[in-house]
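There are 4 protein chains.
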Amino acid sequence: MTNLDKLIQQFERFPGIGARQAKRFAFHILTLPPEDVEELARLISTLPLSVTECARCHRFFSAHSPTETHCSICGDPNRDHTKLMVVERDSDIVALERAGLYDGLYFVLGGTVPLLQNADTGKLRGSALKATVSGLAAAGLTEIILGFSVNPDGENTSRFVEQLLRDTLHGQAVTMSQLGRGLSTGSELEYADPETLKSALQNRH
Amino acid sequence: MTNLDKLIQQFERFPGIGARQAKRFAFHILTLPPEDVEELARLISTLPLSVTECARCHRFFSAHSPTETHCSICGDPNRDHTKLMVVERDSDIVALERAGLYDGLYFVLGGTVPLLQNADTGKLRGSALKATVSGLAAAGLTEIILGFSVNPDGENTSRFVEQLLRDTLHGQAVTMSQLGRGLSTGSELEYADPETLKSALQNRH
Amino acid sequence: MTNLDKLIQQFERFPGIGARQAKRFAFHILTLPPEDVEELARLISTLPLSVTECARCHRFFSAHSPTETHCSICGDPNRDHTKLMVVERDSDIVALERAGLYDGLYFVLGGTVPLLQNADTGKLRGSALKATVSGLAAAGLTEIILGFSVNPDGENTSRFVEQLLRDTLHGQAVTMSQLGRGLSTGSELEYADPETLKSALQNRH
Amino acid sequence: MTNLDKLIQQFERFPGIGARQAKRFAFHILTLPPEDVEELARLISTLPLSVTECARCHRFFSAHSPTETHCSICGDPNRDHTKLMVVERDSDIVALERAGLYDGLYFVLGGTVPLLQNADTGKLRGSALKATVSGLAAAGLTEIILGFSVNPDGENTSRFVEQLLRDTLHGQAVTMSQLGRGLSTGSELEYADPETLKSALQNRH
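From first to last, the protein sequence lines stand for chains A, B, C and D. First residue of the first sequence? That's 1 in our numbering, and the numbers climb one at a time after it. First residue of the second sequence? That's 1 in our numbering, and the numbers climb one at a time after it. First residue of the third sequence? That's 1 in our numbering, and the numbers climb one at a time after it. First residue of the fourth sequence? That's 1 in our numbering, and the numbers climb one at a time after it.
Mixed in with the good hints, there may be bad ones.
Since the list gives no way to pick out one identical chain from another, each pair is judged satisfied if it fits inside one copy or across any two copies.
[Claimed, not checked] In the EDC-like style, the derived pairs of lysine to aspartate or glutamate whose C-alpha atoms are separated by at most 16 Å in a straight line are: (1) K130 / E12; (2) K6 / E195; (3) K198 / D103; (4) K6 / D153; (5) K198 / D5; (6) K130 / D167; (7) K23 / E38; (8) K123 / D153.
Bear in mind the hints are in silico, worked out from the structure with no lab data behind them. Computed from a predicted structure; not experimentally measured.
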């Protein structure tokens, strides 16, 4: 296998990329000026060094100094430290922060537990979540919000996190909540599923 | 213009049907056995006779006798007569009844008020709604639920109905509510809009 | 079953129409003025009378008098009577005439022979095609063009017609041809299938 | 701007990649084991070295030795050196070779001339094409096939190449041809455009 084929194979592992687009990426790189190719390789190679995983919420951030261990959200004394939202991915935090509606803390679980599994396959940050919750519970945490997608995997992940934290939260005054369901922007009654209609009726205001 | 052309033109007025499909409909009819063509014409011709518009909620229903003026929902003493949901179309009721979650009454407004208009263009059943609400208010109505789509036209229609009923409800103990918003089935946090995220956070449970 | 349900069932048999749209069609009719409903029923009811199937090409046309048996194309002495194109549907003729590129005659077979069948299921006008070809062969026909879709069913139908006409054409100076294949408007080489590329190379000009 | 942001920006320049997917690519790299990150960076960095642009057809290939200047197609004595197909991109050659229908040579122009331009903007290999054609014409070239997409840009590029080579081919027995048009796999007569129908009729066989 040539280096070209190996690179195409690497691109095929990129999220959402098939064989054809992987090939296009390789040809795209071949059309770049040499200095751009070098820059791209350098940025990739140094990415793990220039990006730090926050010691508390485990999202990735660009540290300004090697001694910086907490991201800007976890390090912000003005955020509400009584609330912790557990999300699947870093990009969920991007969406929530862009909306500017939530001022609590986050925890990035690193994925979901697929429907037919009831245990972490080792990829999720289960024990790190326990540690973070333990630490925050001692410092006044009152609510854990399960911020997962509204689909079977997301619901299974909610159940997984509830079980995972049962012992940790035993005897603690910490509630666990789900994000509210209902009609989302663009929903039409006629096409809404019963579960969504049920929440829409319950949450009417 | 031939009768064939005239029929195609009628089919082009059917919701969601373009010139090409209208033509296909005409050719489809030409391939039917004569008795099926006659049956189709008869069913169309007698539809207005065999279908009655409910005197209270204004949805269409098949009356069993000419003296039947109220649909099965409006005529059901077990439905909760303290709640009235105003919807856009008959098909919204079909979706809600299929879900089996709501036991109040309905009113079919007959459409929406497009965003840039602030008045009914004559197609909506504004005065009929006033009449129905007056009647129900006298008989114990406590809540009107605005069940419109979550889009600019739907929101404009909510405002229109609120204004329309202001005088009718003056001094009455009737609240007006909106269906709850939030993450609907299939929603992913990463792609949710700020308005939906806001409701999802507010309605967490 | 109510008349409303029966009508919805009839609409569900219309080409490309599902349960939801069939229901919308019924509700659409309920919103029409009575005279429009009557007109629609009348046009449907009289369609078979007002439309004649051409005795030669079997397409549907609106006859001006009951004695008119041939459509405007078959009755036009300026059309080239040495060429006959066999097509699947009336709407194929509409497309070809709109393009204005073909001046021969047509024959509407009435459908295709699905891939796994090698015989007419009784719906196609096989014997009528034989009769038309016999008549035209005696009057100077030199070419039969098989104008079917480029897909497995279309190709199977070509084979069916070739077999069907074998005896009829035996000893006749009539050739049978297929429409040319190649890159169609919008095709990109990168995404073209081998069969299309092959024709594109063979037919280069 | 952090290194993470710079890398996301680089990914946004990849063909078909928007801001959201570029971000996902960066997060994907952060989840890779360190050795995979290094391998990816190394493959990108060395790609220009490990891939050579063929001196004749200008497609990219993996040379086995630094002295190898021609790709496997241009270096194959069994290919038909009397035919040259000019294509837009490397990936067009991949599609044609996979189909295994063409045994001549290729030339990769490197793009198209957009409709409203009538000159190369400097990105296309115009002078290289002239050089390759000159060389091949002296060695027995008889046909240049213009293998561009069937759309306005492709047609404009055909005209551009014809003008570009006018002087080079003056007095030479070299014909220039276009790929054949017609119904491509999956085409239905009813939906075919007039240009495609015209070619389908002309190329019937």
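Quick rundown of the hints versus the structure:
1. Taking identical chains as interchangeable, the C-alpha atoms of K130 and E12 are never at most 16 Å apart, the minima being 34 Å within one chain and 36 Å between chains.
2. For the identical chains of this complex, K6 and E195 are neighbours neither inside a copy (46 Å) nor across copies (30 Å), given an alpha-carbon limit of 16 Å.
3. Only between protomers do K198 and D103 lie at most 16 Å apart by alpha-carbon distance; the minimum there is 12 Å, versus 29 Å within a single protomer.
4. Taking the shortest alpha-carbon separations for K6 and D153, neither the intra-copy value of 33 Å nor the inter-copy value of 33 Å comes in at or below 16 Å.
5. With identical chains, the CA atoms of K198 and D5 are never at most 16 Å apart, being 52 Å at best within one copy and 27 Å at best between copies.
6. Taking the shortest alpha-carbon separations for K130 and D167, only the intra-copy value of 9 Å comes in at or below 16 Å, while the best inter-copy value is 57 Å.
7. For a Cα distance limit of 16 Å, the shortest separation of K23 from E38 qualifies neither inside one copy, at 19 Å, nor across copies, at 20 Å.
8. In this homomeric assembly, K123 and D153 come within 16 Å of each other (Cα to Cα) only inside a single copy, at 15 Å, whereas the closest approach across copies is 45 Å.
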